[in-house]
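If you read the protein sequences in the order shown, they are chains A and B.
Take -10 as the starting number for the first sequence in my numbering and just add one per residue.
Take -10 as the starting number for the second sequence in my numbering and just add one per residue.
Just so you know, not all the hints are guaranteed correct.
The list treats identical chains as interchangeable, and a pair is accepted whether it falls inside one copy or across any two copies.
[Unchecked claim] Calculated cross-link-like contacts (lysine-lysine; reagent style BS3-like; alpha-carbon spacing at most 27 Å):
| # | residue 1 | residue 2 |
| --- | --- | --- |
| 1 | Lys32 | Lys5 |
| 2 | Lys32 | Lys45 |
| 3 | Lys156 | Lys118 |
| 4 | Lys43 | Lys28 |
| 5 | Lys43 | Lys5 |
| 6 | Lys13 | Lys43 |
| 7 | Lys118 | Lys66 |
These aren't lab readings, by the way, just hints derived from the structure by calculation.
There are 2 protein chains.
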Amino acid sequence: MQSVDDPIRNLIDELKRLPSVGEKTAQRFAYFIVALNDKNARKMANAIVEVKEKVKVCTICYNFTNLNPCKICSDTKRENGVVCVVEDPRDLMALEKSAVFKGRYHVLHGVISPIKGIGPDELRIDELKRRVEGGKINEIIIATNPTKEGEATAHLIQERLGNTNIKLTRIARGIPAGGDLEYFDSQTLTAAIMNRKDL
Amino acid sequence: MQSVDDPIRNLIDELKRLPSVGEKTAQRFAYFIVALNDKNARKMANAIVEVKEKVKVCTICYNFTNLNPCKICSDTKRENGVVCVVEDPRDLMALEKSAVFKGRYHVLHGVISPIKGIGPDELRIDELKRRVEGGKINEIIIATNPTKEGEATAHLIQERLGNTNIKLTRIARGIPAGGDLEYFDSQTLTAAIMNRKDL
Chain A
-10 MQSVDDPIRN LIDELKRLPS VGEKTAQRFA YFIVALNDKN ARKMANAIVE VKEKVKVCTI
50 CYNFTNLNPC KICSDTKREN GVVCVVEDPR DLMALEKSAV FKGRYHVLHG VISPIKGIGP
110 DELRIDELKR RVEGGKINEI IIATNPTKEG EATAHLIQER LGNTNIKLTR IARGIPAGGD
170 LEYFDSQTLT AAIMNRKDL
Chain B
-10 MQSVDDPIRN LIDELKRLPS VGEKTAQRFA YFIVALNDKN ARKMANAIVE VKEKVKVCTI
50 CYNFTNLNPC KICSDTKREN GVVCVVEDPR DLMALEKSAV FKGRYHVLHG VISPIKGIGP
110 DELRIDELKR RVEGGKINEI IIATNPTKEG EATAHLIQER LGNTNIKLTR IARGIPAGGD
170 LEYFDSQTLT AAIMNRKDL
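My request is simple: use the sequences and hints to build the entire structure.
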């Protein structure tokens, strides 16, 4: 048995904190790091420290950022009238990669989940309401995932913003590009048929 | 697009160096790290730096270690007469976990692989020969994996140590515990039948 002052054992244990990383994967990572040269290992360690030192939450959209307001919120070339509400920063990142959306964002940092004990107050919904009340916004695209929790969150946002004069929209459901009909559930297929488009 | 001075982007890129970690997994890891508290993030970063600062190779068995000779080589309670030759430190770690082996080790740091350009000189075979010539060793268990490369490496070791008076053994092939015959190749099944044991 190896003692706790064993640096490899310690690194394996630290890496096991990462999501879905078990003992075997952590071992592979740890021995990979042992084999890195000093400079590259230090770069990796610094990247972890830096992200903690520099990354905060944008006080407008609540995305993670090292600038405040974040790059997107301070970009004068983007539309002010449309705000896309997403569950988390990774969803925002995916949308940015597709480059389809040129408005502003609002990051909820989660969805309603009674199991995880996440209620409306844990999300940034009040902050969204305040942005809306500040004027300038014409449309809010609710882009939470089409899961049970995502839908419940979308409904809640609809409720909370219901008395405002704003246009609320929801991202479309359907068959994703490259998808095969036989692998999708009937809810998705129903949406794909109901929301069919003229050719 | 995010610029290179974006700490999250930088961390994602650093984490993508890890084996079998692509963009999506690196993103999950990075946002997990962003959500860690400062202390835990720093512990993870320090574990990386420390492993590089403290971990060297044992000058007897060539396992990674922060002590020289390593704990196993300097353990007076272990048998000196038997040396188990393994491909890499993770194989050694697996054997130690099983606690079946109480002798010494020799870590090759790889196997012969023409594709990866790894020949006999890249492995610690000469070092093994020198250990053998130093006397005291009665048996060498060649525990390279039963893959093409592992077998080739086992043969090479056999060749190089052939003129010594030492007993060379090879780990047994067969069906692993919990295994189902239908999922194993005929080479494995042949070994399982040929090496059958009296009950």
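Legend entry - Within, between, both or neither: Lys43, Lys28 at alpha-carbon 27 Å: This pair counts as both: shortest intra-copy Cα distance 21 Å, inter-copy 15 Å.
Inset, instruction - Evaluate Lys32 and Lys45 at a C-alpha cut-off of 27 Å and name the case that applies: within, between, both or neither. - result: both (21 Å within a copy, 20 Å between copies)
Inset, instruction - Up to 27 Å between alpha-carbons, please classify Lys43 paired with Lys5: within, between, both or neither. - result: both (24 Å within a copy, 20 Å between copies)
Legend entry - Homomeric proximity label, Lys156 with Lys118: Cα distance no greater than 27 Å: Within one copy, since 13 Å is at most 27 Å while 78 Å is not.
Inset, instruction - Could you place Lys118 and Lys66 in one of the four classes (within, between, both, neither) given a Cα distance threshold of 27 Å? - result: within (24 Å within a copy, 69 Å between copies)
Legend entry - Within, between, both or neither, where Lys13 and Lys43 count as close if Cα-Cα is 27 Å or less: Between copies only: 22 Å across, 32 Å inside.
Inset, instruction - Up to 27 Å between alpha-carbons, please classify Lys32 paired with Lys5: within, between, both or neither. - result: The answer is both: 20 Å in one copy and 13 Å across copies each meet 27 Å.
Every hint from the earlier list agrees with this structure, and none is contradicted.
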